[in-house]
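Asker: Produce the entire structure from the sequences given, and follow the hints as far as they go.
Residue strings, one per chain:
Number of protein chains: 2
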Amino acid sequence: MENTLCFSTNYDSALIDRIQEETKSVGYYNLPNQDTHYIDDYLERLDKQQGLELLTDIVVIGIGGSSLGTKAIYHFLKPVRQLQRKLHFIDSTDPIALNNLQRDVNFASKSTHFLIISKSGSTIETIAAYKYILGLINGSSVDYCPFTFITDKNSPLEKHAKEVGALVVNIQDNVGGRFSVLSSVGTIPLILAGIWVDRVLQGANSIKNSFFDNGYIQDVLLQKATFYAKNVANYPINSVFSYTESLRYFNQWYVQLWGESLGKKQRNSVFNIGLTPVGLTGPKDQHSFLQLIIDGTRDKTITFIKLENFEVSSPVPNITLKHLEDTDIINNVEFSTLINLQADSIIESLKKVQRIPLDEINIKQQDEFSIGQLIYYYELLTSLVGDLLNINTYDQPGVESGKQILMEKLKEIKDKQ
Amino acid sequence: MENTLCFSTNYDSALIDRIQEETKSVGYYNLPNQDTHYIDDYLERLDKQQGLELLTDIVVIGIGGSSLGTKAIYHFLKPVRQLQRKLHFIDSTDPIALNNLQRDVNFASKSTHFLIISKSGSTIETIAAYKYILGLINGSSVDYCPFTFITDKNSPLEKHAKEVGALVVNIQDNVGGRFSVLSSVGTIPLILAGIWVDRVLQGANSIKNSFFDNGYIQDVLLQKATFYAKNVANYPINSVFSYTESLRYFNQWYVQLWGESLGKKQRNSVFNIGLTPVGLTGPKDQHSFLQLIIDGTRDKTITFIKLENFEVSSPVPNITLKHLEDTDIINNVEFSTLINLQADSIIESLKKVQRIPLDEINIKQQDEFSIGQLIYYYELLTSLVGDLLNINTYDQPGVESGKQILMEKLKEIKDKQ
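So the sequences go chain by chain: A and B. For the first sequence, our numbering assigns the number 1 to the initial residue and increments by one for each residue that follows. For the second sequence, our numbering assigns the number 1 to the initial residue and increments by one for each residue that follows.
If you are wondering where the hints come from, they were derived from the structure by calculation, not from laboratory data. In this text, all values refer to a predicted model and were calculated from it rather than measured experimentally. Do not take every clue at face value.
Unchecked claim - Calculated cross-link-like contacts (lysine-lysine; reagent style PhoX-like; alpha-carbon spacing at most 20 Å):
id	chain 1	residue 1	chain 2	residue 2
1	B	LYS403	A	LYS351
2	A	LYS153	B	LYS322
3	A	LYS409	B	LYS322
4	B	LYS153	A	LYS403
5	A	LYS230	A	LYS265
6	B	LYS119	B	LYS159
7	A	LYS409	B	LYS351
8	B	LYS352	A	LYS403
9	A	LYS352	B	LYS403
10	A	LYS48	A	LYS110
11	B	LYS351	A	LYS265
12	B	LYS162	A	LYS322
13	B	LYS322	A	LYS162
14	A	LYS322	B	LYS351
15	B	LYS119	A	LYS352
16	B	LYS159	A	LYS351
17	A	LYS352	B	LYS409
18	A	LYS403	B	LYS306
19	B	LYS403	A	LYS306
20	A	LYS409	B	LYS352
21	A	LYS306	B	LYS409
22	B	LYS159	A	LYS322
23	A	LYS306	A	LYS78
24	A	LYS265	B	LYS153
25	B	LYS322	A	LYS119
26	A	LYS322	B	LYS153
27	B	LYS414	B	LYS403
28	A	LYS110	A	LYS86
29	B	LYS86	B	LYS110
30	A	LYS159	B	LYS322
Answerer: Shown next as C-alpha cells:
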C-alpha cells in the first residue's frame with residue numbers, strides 16, 4: 001500500500017506517544033496480532049453442533065459496527081474468490097428487507113446458520129430480527145440450535161445464549177462497535193465464508209508495525225491527520241473516491257467509522273465539532289459528485305483509492321463504430337487500465353484547481369492482505385484525528401436520546417393494549 | 001405526499017415567475033404531461049424486431065443521469081411488484097462489474113435486449129461497455145439487432161444506430177441528463193420492466209400542478225428553497241434520511257441531482273458555491289451517521305422521508321427471551337410500525353437539539369404515483385435553489401477538464417503502439 005499526499009504539514013511527534021498510551025486501554029489497536037485459536041475452536045464447536053459439511057448460507061444479524069466491516073471485506077473479495085459459503089446480512093427493521101431474505105435462504109435447514117452480533121444485546125433492530133427468525137423456525141422441527149451469538153463477556157445476550165444452548169463467541173475486551181471488524185465480530189463470519197482471515201490480520205499488522213515502529217506509514221498518517229484536524233473549519237468534508245466497485249461497502253464502513261467517531265462535543269468545551277465523510281465510487285461518481293468537487297465550495301478533501309492490479313480484466317474490443325470513429329481511441333485498452341487512467345485524469349484535473357487537498361492511496365491486489373491494510377490505516381487515521389480534535393473518539397452519546405424516546409413510544413403502545 | 005417544515009422563511013414570490021419563464025427553455029418541466037404515444041410505438045417496433053414474448057432481461061447501459069433515475073424507480077417498486085422483466089445496469093468500466101454481468105445474463109439470446117443510453121454518444125464508459133457487449137455477441141449468430149439506442153435527435157449515436165439497423169428512441173428536447181428520468185431515458189426501460197409509467201407521470205404532474213397553480217406544494221417548496229439558499233454558508237450539507245431500504249437508489253439519484261446541479265461558479269462572480277448532498281437510510285444509518293448529526297458541527301439540514309403504508313409487513317413475534325425480557329416491549333408491534341416509530345423518535349430527539357433544520361416528507365404508498373411525486377418535487381426544489389444561488393443549474397462545466405486529460409492519456413498510449 002502506498003499513500004501519496006499532495007500537501008505537507010508539520011506535526012507534533014508527541015501525538016504518537018499519546019496514541020501509544022491509548023493502546024493500553026483501547027482494544028482495537030491490538031487486534032492485528034490477536035491469538036486466533038478461538039476461531040479454530042469455534043469451527044470445531046460449530047461442526048459438532050450443526051455440522052459444517054452441509055452449511056452453505058450464513059445469515060449475519062447485526063447493525064452498524066456489527067456488520068459494516070464484515071460487509072466491506074466480504075464484498076471486496078467476493079468477486080475474485082471461490083468462497084465456501086454465502087453471507088447474508090440483516091441490518092434493518094424494514095419489513096420488505098426481512099421478507100426478501102425468505103426468498104434467498106432456507107431458514108430451518110442444516111444449510112443455514114445465524115450469527116447474532118451485538119455487544120450488549122440491547123440493539124433493538126438485532127433482537128427484533130432474531131425474534132422474527134425464531135418465529136419462522138419455531139414451527140419446524142430443528143434438532144440443533146442454529147444460532148451463534150457474538151457478544152461481550154457476561155452480557156445479557158451471552159446469558160441468553162447459554163440458556164438456549166447456542167454457541168457463543170466473545171468480543172475481545174474494550175473493542176467498540178465501529179472498530180470491531182478485526183475482532184470476532186468480523187473474523188467469525190469471514191472465516192465461515194472461506195476468507196483467509198489470517199492474511200487480513202497480517203495486512204493490518206503490517207500497517208500497525210509501520211506506524212508504531214517509525215516506518216513509512218507513521219509520517220504519512222501523522223501529516224494527514226494533522227492537516228485534517230487543523231483544517232476542520234476550512235475542509236469539514238472528507239471524501240473517499242474508490243476506483244473499484246468492490247470497495248463500495250468499504251466506503252460505507254468508512255462513513256460510519258469517520259462520522260460516528262469524529263462528530264462530537266469537544267472535551268471541556270461547548271463546541272460541536274465534526275468531519276463529514278462522503279463515500280464515492282469511480283468512475284460512476286464522476287457523473288454525479290465531481291462537478292460539485294471542482295466548481296463548488298472549497299470545503300472538501302479528496303482521497304483517491306486505486307487498485308493497481310485487477311484480477312479480472314479484458315481489453316475493449318477492437319471494433320470501429322460508424323459515426324463514432326473517435327471512440328477507436330479506447331480500442332485494445334484493458335478495462336483495468338481504462339479505469340485507472342480515468343482516476344489519474346481526474347487527479348490531474350483536480351491538481352490544477354486551487355485549494356482542493358488531495359491524496360492518493362494505491363493498493364496492490366484485490367486480496368486479504370490489502371483490505372486488512374486499508375482498514376487498519378483508516379482506524380489509525382481516525383484515532384489520530386480524534387486525539388487532535390480533543391474529543392472522545394470511541395463513544396456515541398448523541399444517539400441515546402432517540403433510543404429513549406423510542407422506548408417511551410413503545411411503552412405507550414403497550415399501555416394502550 | 002405531505003411535507004412538514006420545522007422552519008419558516010419569507011420568500012420572494014417573483015421566484016415563481018422566473019421559474020415559469022424557465023419552463024419555456026428547460027425541457028424537464030414539461031415531461032409530466034408529455035405525449036406518451038412514442039412508448040407504445042416503441043413496444044410495437046421492438047416486438048417486430050426481436051419479439052417481446054421471450055424477452056426477460058433488459059440490460060441498461062448508461063452512466064450518471066442515464067441510469068440513476070431508472071434505478072431509483074425500479075428499486076423502489078421491485079419489492080412490491082411482480083415485474084415482467086428484470087433490469088440490469090452497466091454503469092462502470094470496472095472489469096469485475098462487467099465480468100459479473102456474464103453470469104446473470106445470456107447475451108446472445110432472444111431473452112435479452114440492450115438499451116444504450118447517452119445523449120451524445122461520447123460517453124466513454126457507455127461506448128466501452130457497448131463495444132464489450134458487441135465483442136461478446138459477435139461470435140454468435142444472432143439474426144436480429146438486440147440494441148435500442150436512446151439518444152438526442154441527430155446525435156452521432158443516432159446516426160450509428162440507423163447504420164446498424166437498431167431501434168432508436170429520441171430524448172425529448174432540452175432535457176439534461178440528471179433531469180431526464182421522466183423522459184424516454186427512464187420511460188423506456190421502466191415500461192419494459194412492467195412498471196406503470198403513466199402513473200409515475202401522473203404523480204409528477206400532481207406536484208407540477210400544485211406548484212404552478214398556487215397549491216400546497218408551492219408554498220412549501222418556495223420556503224424550503226429560500227431557506228437552503230439563504231443558509232448556504234451555515235448549512236452547506238443537505239442530508240436526506242429515507243426510512244425504507246427501497247429508497248436507497250433514490251438517495252443516489254438525489255445525490256447526483258443536487259450535487260451536480262448546485263455545485264457551481266456563481267454567475268458574474270468569482271465565487272465557488274455549492275450544497276453537498278448526503279443520502280442516508282434508516283434505521284441503519286442511525287448506527288452510522290446520526291452521532292455526527294447530533295453532536296457534530298451544525299452544518300447540516302435533514303429531510304426525513306417516511307413511507308406511511310408498507311405493502312409487506314408482519315408483527316415482531318410474541319416471544320419472551322430469557323435474560324432479555326426488556327425487549328418484550330417490541331413484541332406484537334408491526335415491523336412497519338417499528339421502523340416509522342424509529343424515524344419519529346429520531347425526529348423528536350433532533351427537535352430538542354438547537355440549530356438543526358429539519359423537514360419531514362411522508363409518502364403514502366410504495367407505488368408509481370408516490371415515486372413520481374417525490375422525483376418531481378426534488379427536481380423543482382433543485383431548480384428553485386439554483387435560481388436563488390444565481391448559478392446555471394443545468395450545466396456541468398467542471399467535469400470537462402478530466403475528460404480532456406483522459407483523451408490525451410489515451411492518445412499517448414495509441415502513439416506508443
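Asker: Against this structure, judge whether each hint is valid.
Answerer: Each hint, compared with the structure:
The straight-line distance between the Cα atoms of LYS403 of chain B and LYS351 of chain A is roughly 14 Å, inside the 20 Å bound, and the hint therefore holds. The hinted pair formed by LYS153 of chain A and LYS322 of chain B meets the criterion: a straight-line CA distance of about 17 Å does not exceed 20 Å. Note on LYS409 of chain A and LYS322 of chain B: the hinted pairing is violated, with a Cα-Cα distance of about 23 Å set against a maximum of 20 Å. Taken as a hint, the LYS153 of chain B and LYS403 of chain A pair is broken in the structure, with Cα atoms around 55 Å apart against an allowance of 20 Å.
Between LYS230 of chain A and LYS265 of chain A the alpha-carbon distance is near 17 Å, which keeps this suggested pair within the 20 Å criterion. A distance of roughly 13 Å separates the Cα atoms of LYS119 of chain B and LYS159 of chain B; the hinted pair therefore holds under the 20 Å criterion. Distance hint between LYS409 of chain A and LYS351 of chain B is fulfilled; the C-alpha atoms sit about 16 Å from each other, no more than 20 Å. Our distance criterion of 20 Å between C-alpha atoms is met by LYS352 of chain B and LYS403 of chain A, whose separation comes to about 14 Å.
Taking the CA atoms of LYS352 of chain A and LYS403 of chain B, the gap is near 14 Å; set against the 20 Å cutoff, the hint holds. Between LYS48 of chain A and LYS110 of chain A, the direct Cα distance comes to roughly 12 Å. Compliance with the 20 Å bound is thereby established for this hinted pair. Between LYS351 of chain B and LYS265 of chain A, the direct Cα distance comes to roughly 18 Å. Compliance with the 20 Å bound is thereby established for this hinted pair. For the given pair, LYS162 of chain B sits about 10 Å from LYS322 of chain A by alpha-carbon distance, which is consistent with the 20 Å threshold.
With a C-alpha separation of about 10 Å, the suggested pairing of LYS322 of chain B with LYS162 of chain A holds against the 20 Å cut-off. As the CA atoms of LYS322 of chain A and LYS351 of chain B are separated by approximately 60 Å, the hinted pair breaks the 20 Å bound. A distance of roughly 28 Å separates the Cα atoms of LYS119 of chain B and LYS352 of chain A; the hinted pair therefore is violated under the 20 Å criterion. Taking the CA atoms of LYS159 of chain B and LYS351 of chain A, the gap is about 37 Å. The hint is violated against a cut of 20 Å.
For the suggested pair LYS352 of chain A and LYS409 of chain B, the alpha carbons sit about 16 Å apart, so the restraint of at most 20 Å is met. The hinted pair formed by LYS403 of chain A and LYS306 of chain B meets the criterion: a straight-line CA distance of about 18 Å does not exceed 20 Å. Between LYS403 of chain B and LYS306 of chain A the CA atoms are separated by roughly 18 Å; this keeps the pair inside 20 Å, and the hint holds. Of the pairs offered as hints, the one joining LYS409 of chain A and LYS352 of chain B holds, with about 16 Å between alpha carbons and a cut-off of 20 Å not exceeded.
Taking the CA atoms of LYS306 of chain A and LYS409 of chain B, the gap is near 17 Å; set against the 20 Å cutoff, the hint holds. At roughly 8 Å between alpha-carbon atoms, LYS159 of chain B and LYS322 of chain A fall within 20 Å of each other, so this suggested pair holds. Of the supplied pair hints, the one linking LYS306 of chain A and LYS78 of chain A holds, its CA atoms being roughly 18 Å apart against a limit of 20 Å. For the proposed pair LYS265 of chain A and LYS153 of chain B, the alpha carbon gap of about 55 Å is over 20 Å, so the pair is violated.
Our distance criterion of 20 Å between C-alpha atoms is met by LYS322 of chain B and LYS119 of chain A, whose separation comes to about 17 Å. Taking the CA atoms of LYS322 of chain A and LYS153 of chain B, the gap is about 17 Å. The hint holds against a cut of 20 Å. For the proposed pair LYS414 of chain B and LYS403 of chain B, the alpha carbon gap of about 17 Å is at most 20 Å, so the pair holds. A C-alpha spacing of about 14 Å is found between LYS110 of chain A and LYS86 of chain A, which places the hinted pair at or below 20 Å, so the restraint holds.
Using a Cα cut-off of 20 Å, the hinted pair LYS86 of chain B and LYS110 of chain B holds, with the two alpha carbons roughly 14 Å apart. Distance hint between LYS159 of chain A and LYS322 of chain B is fulfilled; the C-alpha atoms sit about 8 Å from each other, no more than 20 Å.
Of the hints listed earlier, those the structure fails to meet are numbers 3, 4, 14, 15, 16, 24, in rising order.
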